[in-house]
Structure formats: structure tokens, C-alpha cells
Amino acid sequence: MRPAGCEALCRPLWSAGGRVERASWALSSGCKIAKTLETAIKRRAGTISVLTGLELFMLSRYNRYDRQLRLLGIENQNKLKRAKVLVVGLGGLGSTVSLFLAAAGVGRLVLLDRDRVEMSNLNRQILYTPADIGAFKASVAEKRVREFNPEVDVVGSILNVQSDEVENIVKDVDVIVDCLDNWEDRFRVNELAVKHSKPLVHAAVEGWWGHLTTILPTEGPCLNCIFPQSLTTRRVRVSILGAVAGALGCMEALEAIKVILDSQDTLVGVLLYFDFKSHDHIKIRVKKSVKCPVCKPDSASR
Numbered sequence: 001m002r003p004a005g006c007e008a009l010c011r012p013l014w015s016a017g018g019r020v021e022r023a024s025w026a027l028s029s030g031c032k033i034a035k036t037l038e039t040a041i042k043r044r045a046g047t048i049s050v051l052t053g054l055e056l057f058m059l060s061r062y063n064r065y066d067r068q069l070r071l072l073g074i075e076n077q078n079k080l081k082r083a084k085v086l087v088v089g090l091g092g093l094g095s096t097v098s099l100f101l102a103a104a105g106v107g108r109l110v111l112l113d114r115d116r117v118e119m120s121n122l123n124r125q126i127l128y129t130p131a132d133i134g135a136f137k138a139s140v141a142e143k144r145v146r147e148f149n150p151e152v153d154v155v156g157s158i159l160n161v162q163s164d165e166v167e168n169i170v171k172d173v174d175v176i177v178d179c180l181d182n183w184e185d186r187f188r189v190n191e192l193a194v195k196h197s198k199p200l201v202h203a204a205v206e207g208w209w210g211h212l213t214t215i216l217p218t219e220g221p222c223l224n225c226i227f228p229q230s231l232t233t234r235r236v237r238v239s240i241l242g243a244v245a246g247a248l249g250c251m252e253a254l255e256a257i258k259v260i261l262d263s264q265d266t267l268v269g270v271l272l273y274f275d276f277k278s279h280d281h282i283k284i285r286v287k288k289s290v291k292c293p294v295c296k297p298d299s300a301s302r
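Per UniProt numbering: the sequence shown ends with 302, consecutive numbering throughout.
Careful, some of the hints might be misleading.
Claimed, not checked - In silico SDA-like pairs for lysine to any residue, Cα to Cα no more than 20 angstroms straight-line:
1. Lys283 to Asp265
2. Lys291 to Ser197
3. Lys81 to Gln68
Derived from the structure by calculation, the hints contain no laboratory data.
With the hints as constraints, model all of the structure from the sequences given.
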């Protein structure tokens, strides 16, 4: 078996005592890292303990992503490495999304939240511990995600979503992931995504249920088309089971990865409702509204 898109057969990077050890994959005949490693292995006669620091670093890097490289291939891994993603909201959804995007090797993560860690967060917000209570979520999340994957450029941002500074962040990223817990801020992020033509992955969770959709401003409906603002103004503390937030967060992270990889299998124009208690789900086809004040043609110039 070899990674998708790989031109050369996968090769073991070393062998010892006649037994092949699959430490990593030589990804292609033109891959500089693979060539460097191959040369090093030949030169060292298979003795990994005497590889140089740079060679060990490269080996470690490819070992980290080995399982997904077999599925995605080196070109897609490089797309993830080049991607800049803004995660807005670092609660139950955002904690999970941040970790799995870092695990996938997304190159730059901007983690935005203005709130502090509270005890009631800890049933679902897996980036935090009791020792973090009172600290800003963005600061703690930056530290934890960087520890989890030091190769990712992680920036914590303690900002109100409604502040003007957020627009500058949106301009500089490739994908936005909405992990917010209130509609006022969700609509603000949606407006910025439409204004700057940025893909937006949106999810929300309550009780056993969650919903998920992807917004590509140039192709499908925006969040306001799907959920008119007049119907979604309430602000309440909802019931949330931690595992439900985690499961939906995994789905949201996967949707963001598919957007980065230009997959045709995203939820653009589809609102997915998932009942995590029964595992039932509903897919609702949604269309752009010609009356939408956010994404209709004459609103783009505002």
C-alpha cells in the first residue's frame, strides 16, 4: 500500500537484523525530505541512532502524519500545512475543533474568544483544567494547542467578536470555523465571511442535538438565508452533554479539513441535523434567499 498520489512505491526508511521496520513513508521520488532520509539511511547503514538532528526532525514530522498521509497523500498534507484557519469560540465545539485541526497539521490557527474559563465549562471544554479557572480561554488554548503540536503556528486572540479588529483577522485567513454559542455573534461572523468571501463552517449544539453546515459565499446560502435573524435572537444557557459537543466538534473539524482540501463532499447548501442519542439524522437542502440582506447581490457593496 502507498499514499494516495505517491509516484514511487513506499519504502521502509531503515531495516535492522533483516526485519523491515516501517518507520515512515518515502513519499515520492521528487520529495526532498524523502531523498534526504533515503540518503541518510544508506549512509548510516540503517542505524537510526546516529542520524543527524535535522534528519530525525524530518522523520518525526512524517511519522506524526503517517496514518493520514496514507489516506490523503503529500499534496493534500501540504494544503493543510499552508492553511490559515480562524476558530471563533473556544467552548465545547471550539476546544475539539482546535485540537483536531492541529492534529491534522493545519499550518496556522487563530483561536478567538473573550471569555474566561469557568468550572461549569469543564464537562465539555477539553482544553481546560480546574487549574485554568479564571484564565482567558484564548490564552490557555494557545498554550495547550501549541504543546499538542509544536509545528502549528497558534495565536490566541482575546477579542469580542463584535470588535472592528476581528475583521482584520478574517481578511488574513483561509477558512473560518464558527463554534459560537449565541446568534448575535454568529451573524456577525457570517457577515464578515460573506463580505470577504471566506468559507465558513458553522455548527451549534443543544442537548442531544446538533446541526452543521458549510457556507461558501460565492456558491450557496449564507447563515442568514438559513436562519433569519428575526427568528434567532434568544440568548439562553442551553443544556449540553460533553460527548455531544465533542462529537459534533469532530464533525465540524472534518468539514473544515474538507474545505481546505477542496473536497466536493462538503455541506454547502445542506443543513445537517444529528440526534446523537438515537443516531438519527436529517439533511435539509437550503437555498440562497433573494431577499437576504447579507448575501444578495446589492448587499455586497455595503
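Taking 20 angstroms as the top limit, are the C-alpha atoms of Lys81 and Gln68 close enough?
holds, 13 angstroms
Take a quick look at whether Lys291 and Ser197 sit within 20 angstroms of each other, Cα to Cα.
Satisfied, since the Cα-Cα distance of roughly 19 angstroms is no more than 20 angstroms.
Would you check the hint for Lys283 and Asp265, treating anything up to 20 angstroms between C-alpha atoms as holding?
The hint holds at about 13 angstroms.
Checked against the numbered hints above, the structure breaks none of them.
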